[in-house]
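Engineer: The lines below spell out each chain.
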Amino acid sequence: MSPGTRTLQVVDGGQPSAKRVAGKLAAPRYVPCASDRPVGELVDAMYRHFHPMVFHLALRYGQGNRAWAEDATQEVFIRLFKHARRVNEMENVAGWFYRVTTNLCLNRLRRDKFLGSLPMRAFLEQSQPKPPSPEALGLVRDDLRRVFEIVNHMPPKARACFYMYYCDGKRQAEIGEIIGHSVGYVCKLIQRVEAKIRAAEEQVDE
Amino acid sequence: MSSSHPETSHGSSSVASEAEPWPQLMEQARALDDQLARVDLSPSACARIQSRLDRQAARYGEGGLSVGAWAGLAFGGGAAAAVTLLWLIDESPREPVVESVARAHVDGFGLLSRDCAVERNGDAVELGRDCHVRLDDLGVEMRVLAASSVVPQPRGVRVEHGWIVFDVEPVIPGESPIHVSVPSGRVDVLGTQFVVAVRDGGGQVELVEGKIAFTNLAGQTSRIEPGQRVAWSASGAVSGSGVGGSGWTTTIDAAPPVAASPIDQAGLDGPVTAVESDAASQSGTKRRSVRKLDDKRVLAEALEDVQRLRAVRRYRAALRRLEQIRRQVRDPEVREVLEYEAGTLLESSGQRQHACTHWRQHLRKHPDGRYRENVERRLQALGCG
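So the protein sequences, as listed, match chains H and F. In case it helps, this note's numbering puts the first sequence at residues 1 to 206. In case it helps, this note's numbering puts the second sequence at residues 1 to 385.
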């Protein structure tokens with residue numbers, strides 16, 4: 001597979017849902033429901049369209065932990081109820097989900113770090129830094145496990161910036177808007193990520 | 001590999017002159033992300049999320065999801081065959097002031113008894129006599145002895161009027177207590193059974209067993225022991241002073257049996273009685289001190305917490321409690337016990353994949369452990385080899 005191509009992920013028989021194209025996480029345009037529909041139907045329509053993208057983002061930030069990602073996905077759509085009508089009429093509905101999911105995941109990671117690790121990861125704990133759970137590794141090909149571990153060892157915000165910058169093709173200004181930081185801080189986070197990756201490469205060379 | 005990113009320089013001299021110095025690693029990172037993108041929600045997760053969204057939609061008074069909508073979610077080859085749910089289309093009009101709902105879960109209350117009348121009235125929930133309900137996620141059961149009105153709150157309820165027996169599972173050390181608010185104060189519940197009766201603003205709280213603390217509107221708090229009660233008049237006054245002061249006057253009643261104490265009995269309209277306060281108690285919550293958990297007796301108490309949580313199917317809370325314990329334990333034998341317990345909780349909560357991984361890890365860590373045979377049998381039973 002060449003670097004520019006990605007797999008189309010069709011989830012149901014209706015509208016094709018989120019797919020990756022040329023390094024960017026781009027969802028086909030969401031067709032809004034009539035605004036007088038009940039909130040439940042609006043949420044349902046948006047759930048069918050966007051839940052693969054939301055789950056993917058949560059899985060990515062949650063270090064491949066499926067249960068964690070499922071909880072985060074549920075929370076995003078529960079939150080949607082309060083804003084369903086407004087979101088339904090937005091120009092860029094995918095952008096709303098991207099931003100809300102990213103921030104929700106970062107908040108949960110911060111909370112998890114304070115309260116303690118997730119049950120599975122806790123019982124597999126070794127010395128610091130904590131390795132990813134076996135179930136998460138099971139999702140990943142053997143040849144990708146090293147980069148998986150490197151990415152997962154990054155602090156949550158740095159990990160988020162890394163994915164947004166290198167995998168989703170977002171500009172630093174966009175990233176700053178999403179996570180609520182200045183462009184300068186985003187740049188610093190990305191540099192830290194690059195430094196870690198450089199160090200990892202040098203280790204392999206040695 | 002060429003850089004596909006619009007920004008090739010972000011102010012770092014070490015990077016500015018290089019397009020992508022680590023092409024292999026970057027390509028792997030994208031491949032990794034692609035692989036994660038191919039992972040779908042499991043059928044059980046889909047069902048769980050759908051059910052939760054449906055309950056949320058009902059709270060908005062606009063009906064559940066249509067059959068067609070649910071059918072549309074049966075996606076994927078393996079996922080499609082696993083779960084099917086049928087929902088009645090509810091095209092009810094905009095939410096009326098009072099709507100009668102007859103479902104298994106209403107506004108976070110799980111109905112444990114049949115023919116339980118539950119009606120929503122604005123923020124409050126009206127519970128009919130003989131209802132037996134459970135507050136989801138808090139481990140609180142309520143048996144309604146007379147028609148009552150309660151308002152759900154983040155960590156408990158506020159009793160507007162009625163007569164309710166509360167049964168609360170012990171809270172995990174470190175978690176905030178459950179609160180039951182009444183017109184003249186708040187009951188902080190640490191794990192207990194007690195009775196609340198409120199009528200026309202006056203009322204009383206009787207403790208049957210366990211521990212509660214009552215905080216009046218002035219912020220004074222007292223611990224209540226089993227057999228004691230605190231009461232207040234319709235004016236909201238609870239006589240006596242708080243902790244450390246002149247103390248509340250002591251009235252230790254042998255609290256009459258709950259079933260024989262109708263709401264009209266003395267205590268509500270008569271003189272206010274009060275509860276002896278514990279002068280040493282400074283707040284409504286008292287955190288347990290951290291103790292050495294290598295002490296087998298302390299471990300046994302902690303495991304009782306876990307069993308209580310397991311008994312009410314609060315598996316995640318039980319796993320968190322286990323994790324708290326495990327972090328303080330160094331004894332390898334004790335750790336083995338805790339890890340075995342965690343595995344059984346994972347099985348009970350239906351997390352088969354997690355359980356399989358956990359058991360394999362358990363065998364690797366404890367090759368000659370006491371649970372070896374059990375774990376091997378569990379692996380076989382789960383079908384994970």
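Derived by calculation from the structure, the hints in this document are not laboratory data. Keep in mind that a hint or two might mislead.
[Claimed, not checked] To spell it out: a stretch of chain H is covered by chain F in this simulated footprint if at least three of its residues, at any positions, have a beta carbon under 8 Å from a beta carbon of chain F; those stretches are:
hint	region
1	53-62
2	89-101
3	143-153
4	163-176
[To be verified] Chain F regions said to be covered by chain H (calculated; three or more residues, Cβ under 8 Å):
hint	region
5	27-41
6	372-383
Since this is a predicted model, take the numbers as computed values, not measurements. Where a beta carbon is used, it is the ideal one built from N, C-alpha and C, also for glycine.
Engineer: If a hint holds in the structure, say so; if it doesn't, say that too.
Structural biologist: Against the structure, the hints come out as follows:
A count of 4 residues in the region 53-62 of chain H with a Cβ less than 8 Å from any Cβ of chain F is obtained; the coverage claim is therefore met, three being the minimum. Against chain F, the region 89-101 of chain H contributes 0 residues with a C-beta closer than 8 Å to a partner C-beta. That does not satisfy the three-residue criterion, and the hint is violated. Under a criterion of three residues with beta carbons nearer than 8 Å to beta carbons of chain F, the stated coverage of the region 143-153 of chain H is upheld, 7 such residues being counted. Three residues within the 8 Å Cβ limit are the bar, and the region 163-176 of chain H against chain F gives 7, so the coverage statement holds.
With a threshold of 8 Å between beta carbons, the proposed coverage of the region 27-41 of chain F by chain H holds, since 15 of its residues qualify and at least three are required. Look at the region 372-383 of chain F against chain H: 0 of its residues bring a Cβ nearer than 8 Å to a Cβ of that chain, fewer than three, so the hint is violated.
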